[in-house]
Every structure is written in C-alpha cells, then in structure tokens.
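There are 2 protein chains.
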Amino acid sequence: MNHIPAPVKERLLYLLGLLEKNAAPEKRRQGGYAGLVTSARVEELTGWHRDTIRKDISWLESRETAGSPGGYDPGVLIPAIRKALGLDRVRRFCIVGLGRLGSAYLNRPFAPGCDGMGEFELAAGFDINVNRVEILKSPVPLYPAYKMGEVIARFGIEIALLCVPPGEARGAAEKLAASGIRGIVNFAPAALVLPPDVAVRNVYVADELRALVINMESSGNPG
Amino acid sequence: MNHIPAPVKERLLYLLGLLEKNAAPEKRRQGGYAGLVTSARVEELTGWHRDTIRKDISWLESRETAGSPGGYDPGVLIPAIRKALGLDRVRRFCIVGLGRLGSAYLNRPFAPGCDGMGEFELAAGFDINVNRVEILKSPVPLYPAYKMGEVIARFGIEIALLCVPPGEARGAAEKLAASGIRGIVNFAPAALVLPPDVAVRNVYVADELRALVINMESSGNPG
Chain X
462 MNHIPAPVKE RLLYLLGLLE KNAAPEKRRQ GGYAGLVTSA RVEELTGWHR DTIRKDISWL
522 ESRETAGSPG GYDPGVLIPA IRKALGLDRV RRFCIVGLGR LGSAYLNRPF APGCDGMGEF
582 ELAAGFDINV NRVEILKSPV PLYPAYKMGE VIARFGIEIA LLCVPPGEAR GAAEKLAASG
642 IRGIVNFAPA ALVLPPDVAV RNVYVADELR ALVINMESSG NPG
Chain Z
462 MNHIPAPVKE RLLYLLGLLE KNAAPEKRRQ GGYAGLVTSA RVEELTGWHR DTIRKDISWL
522 ESRETAGSPG GYDPGVLIPA IRKALGLDRV RRFCIVGLGR LGSAYLNRPF APGCDGMGEF
582 ELAAGFDINV NRVEILKSPV PLYPAYKMGE VIARFGIEIA LLCVPPGEAR GAAEKLAASG
642 IRGIVNFAPA ALVLPPDVAV RNVYVADELR ALVINMESSG NPG
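Sequence order for the protein chains is X and Z. Okay, so the first sequence: first residue is 462 according to this note's numbering, each after it adds one. Okay, so the second sequence: first residue is 462 according to this note's numbering, each after it adds one.
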C-alpha cells in the first residue's frame with residue numbers, strides 16, 4: 462500500500478464520516494446530484510480548499526474514485542477510503558483496568574446506533590484485581606492482568622482501551638506493548654512512553670473541554 | 462471580537478497545544494531560534510502549508526504576533542491564541558450522570574499533570590438518583606437532577622460533561638439546555654438534538670478507535 466501522509470489520512474477520515482452520514486438511509490432518499498459528492502460541497506462543509514480535497518482523494522489510487530464531472534460516487538468512495546485507512550476489516554480490542562471507567566465502557570455501546578462498531582470487536586477485559594475480574598458482569602471474558610500476553614496473542618487483539626488510574630497507566634502501557642498490542646486509546650490522564658510501533662490516542666477531558674469552548678464562542682456569543 | 466472561521470480555530474487550538482508543549486520548562490532550556498517558532502517548523506510538525514499558518518496567525522489581530530524574520534515568539538503567541546479562542550478565563554463545568562462513568566470522572570484528574578485545567582473548574586455533579594447523590598464521595602457538591610436549573614445559574618456553570626446512560630442522554634441534554642448551559646461534552650453513545658446556541662462535542666469510542674487505527678497503519682505496518 463502507498464504511504465499516505467498523516468494529515469491526508471486525518472482529512473480522509475473526516476470525509477469518511479461526512480459521507481457515511483450523508484449515505485444514511487433517510488438522507489439517501491433526498492437525492493441531489495444523483496447521490497454524487499462534489500469537492501465544492503466538501504469545501505463548503507469543511508473549509509478545506511477543493512484542490513486539497515481532490516489531491517487527498519487522488520491518494521486512493523483507484524480508477525473508480527477519479528470522479529466524474531458531476532462529482533464522486535459515495536458508494537465507491539466510502540469503501541475506497543475505508544480500505545486506504547485500514548478500516549476495511551474487523552479489529553479486536555480489549556479494556557484494561559476495570560474500575561469505574563473501564564467497567565462503564567465494558568457494559569455500554571460504543572457509538573450512536575453502533576454504526577461503525579462493526580469495524581471493532583470487544584474481545585476481553587483485564588484488571589490486576591483478581592476479585593474484580595471474578596465478580597464483574599461482562600459481555601466478554603475477563604482476565605487477571607498477568608494473562609495479558611497470552612490472551613492478546615490467542616485472540617489476536619490489536620487495540621487496548623486503557624482505563625487504569627493515572628499512576629498505573631505507564632506500567633500498564635508497557636505491559637501492553639510487550640504483549641504485542643499495536644495501539645492504545647488512553648483514557649488515563651497521564652502521558653505514555655511507548656515504542657514507536659505502538660500508536661497512542663489520548664482522550665483527555667481537558668482537551669475535549671477546550672475543543673468545545675472554541676465552538677461555544679463561535680455559536681452565539683453572549684459576551 | 463472578530464469572527465474566526467471554525468477550521469482556523471481548530472488549527473489555532475492544535476498550534477496552541479504544540480506551543481505549550483514546546484514551552485514546557487524542560488524544553489525551554491534547549492533554546493533553538495532563541496525560543497522563536499517559525500511557520501516552516503509548524504508546517505513540518507502539522508503538514509499544513511506555511512502560508513495557511515501565517516494566515517491563521519494573522520486572525521489574531523495583534524501587532525505583537527505579526528512575527529519577526531526569525532519567527533513568532535511563543536510567549537506572545539500563546540496568550541494571544543488563548544484570548545482569541547476564549548480560553549483566557551476560567552469556566553465552570555458540572556458532571557451530569559454519576560453512574561460508573563460520571564463518578565469515575567468526578568474523582569480523577571482531567572489532564573496529565575493537570576496542565577491546562579486551570580482553564581476549567583469542576584463545580585458540581587448531578588444525578589436523578591437522590592440516594593447516589595447522598596452516598597457518593599466527591600470533591601465538589603452533588604445535587605439531585607431537579608436542582609439543575611437553580612445550581613447552574615447560581616454557580617455560573619457553562620459546561621456539562623454528559624455521562625448518563627445512552628437512553629437518558631437526549632432528555633438530560635434538553636434539561637441542560639433549558640437550564641442555560643452553553644456547551645456539552647457528550648460521553649453517551651447517543652446523538653443529541655439541541656438548540657443552535659448550545660455547542661456539543663461527542664466523545665464516541667468508535668471514533669477514537671478509528672483515529673487510532675489510521676495512526677497504527679502509518680507506524681510500522683506489518684501487513
């Protein structure tokens with residue numbers, strides 16, 4: 462596969478979300494451009510220059526996504542983007558740390574209507590507290606933390622949601638890396654130190670609050 | 462204040478994070494360009510064109526941020542961006558829904574080292590279950606949900622972290638909007654319907670997983 466630069470991937474992921482929303486059954490009935498999407502329309506929705514959008518799509522290296530004068534066909538573009546971004550197969554993930562946060566995620570759906578969760582399958586949960594592992598109700602098997610390496614390999618788990626307390630985050634992340642995990646979504650408010658072949662995405666509430674505030678200011682500022 | 466377009470705000474927020482990381486004490490000692498930041502360096506780190514970066518910074522409308530031939534001074538740029546994005550004063554927030562997820566956030570720090578949380582102050586928690594409100598240990602006062610309007614007004618709370626179960630999310634969000642809240646960080650996997658003057662930021666685990674996977678693919682793909 463060609464090596465797509467990170468900013469291009471991020472824009473393609475955002476575009477995928479837009480296309481999927483527009484491809485939802487209730488929208489599809491409304492028609493418009495016979496269902497085609499133009500780079501001008503994407504520019505309108507995102508603020509990216511249409512030349513940037515065209516260049517981004519050209520990374521997909523598929524003749525069908527080249528676009529006609531009327532625009533791009535979402536039915537072709539959506540699977541092409543999924544494939545290019547590595548979202549075209551199911552990946553297994555686990556939850557590490559089954560305190561309040563981890564056990565909350567263990568027992569609730571992950572997306573509105575669970576769209577997109579077909580791409581991800583919760584396979585196991587881990588905690589250092591053996592009692593907790595035995596007592597908790599769970600839709601997937603739970604294991605004591607020392608079994609991480611064995612279980613991650615056996616189930617082909619690629620991703621971990623890290624939900625341990627802040628002080629335990631670095632240690633747990635190191636164990637996960639040693640167990641062959643390839644990516645961590647970090648909910649612990651702690652910066653992780655990991656080998657370069659393990660991807661990390663930090664979900665810090667402070668960052669979410671900031672991103673919210675910049676939208677608050679632009680929508681009806683009473684100040 | 463001038464009306465800065467949303468994509469510019471998002472880039473400025475990202476730039477703020479980069480600058481703050483570079484302004485951390487352990488980095489500052491290393492020097493380099495006498496502490497100045499160039500648009501070429503930002504292009505290197507983000508992939509945005511340096512002309513875009515210069516234009517974004519020009520929105521700040523401050524003579525001091527105009528930049529010298531050597532680059533921009535982070536000591537000037539950081540407060541100018543904070544001010545332009547509305548991040549230059551403390552905002553109070555509350556947690557709504559004190560089940561596993563909400564009570565987890567009630568009792569843990571929100572950012573690594575709590576940097577940046579000076580901008581946000583947790584002021585209260587709410588739950589429809591009065592027993593829960595009375596029993597839970599908390600660093601801030603907790604109230605039954607019916608007191609939302611009164612408490613939000615009294616404490617000047619602007620933001621809510623919505624942590625209720627998916628089925629209760631819409632109802633709780635409506636009550637928050639009616640109580641005068643200005644922004645909601647939604648941790649419930651449910652799409653909210655809100656008046657246009659209430660900003661929403663959805664934290665869906667499925668979206669975080671996708672964003673992680675696109676980074677996994679670019680860092681050491683074994684496939």
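Treat the hints as calculated values from the structure; they're not laboratory data. Do not take every clue at face value.
Claimed, not checked - Not the full set, but computed from the structure, chain X residues with beta-carbon under 7 Å of chain Z:
(1) Arg561
(2) Leu562
(3) Ala672
In this text, a Cβ means the ideal position worked out from N, Cα and C, and glycines have one as well.
Structure-inconsistent hints, enumerated in ascending order
Per hint list: zero violations.
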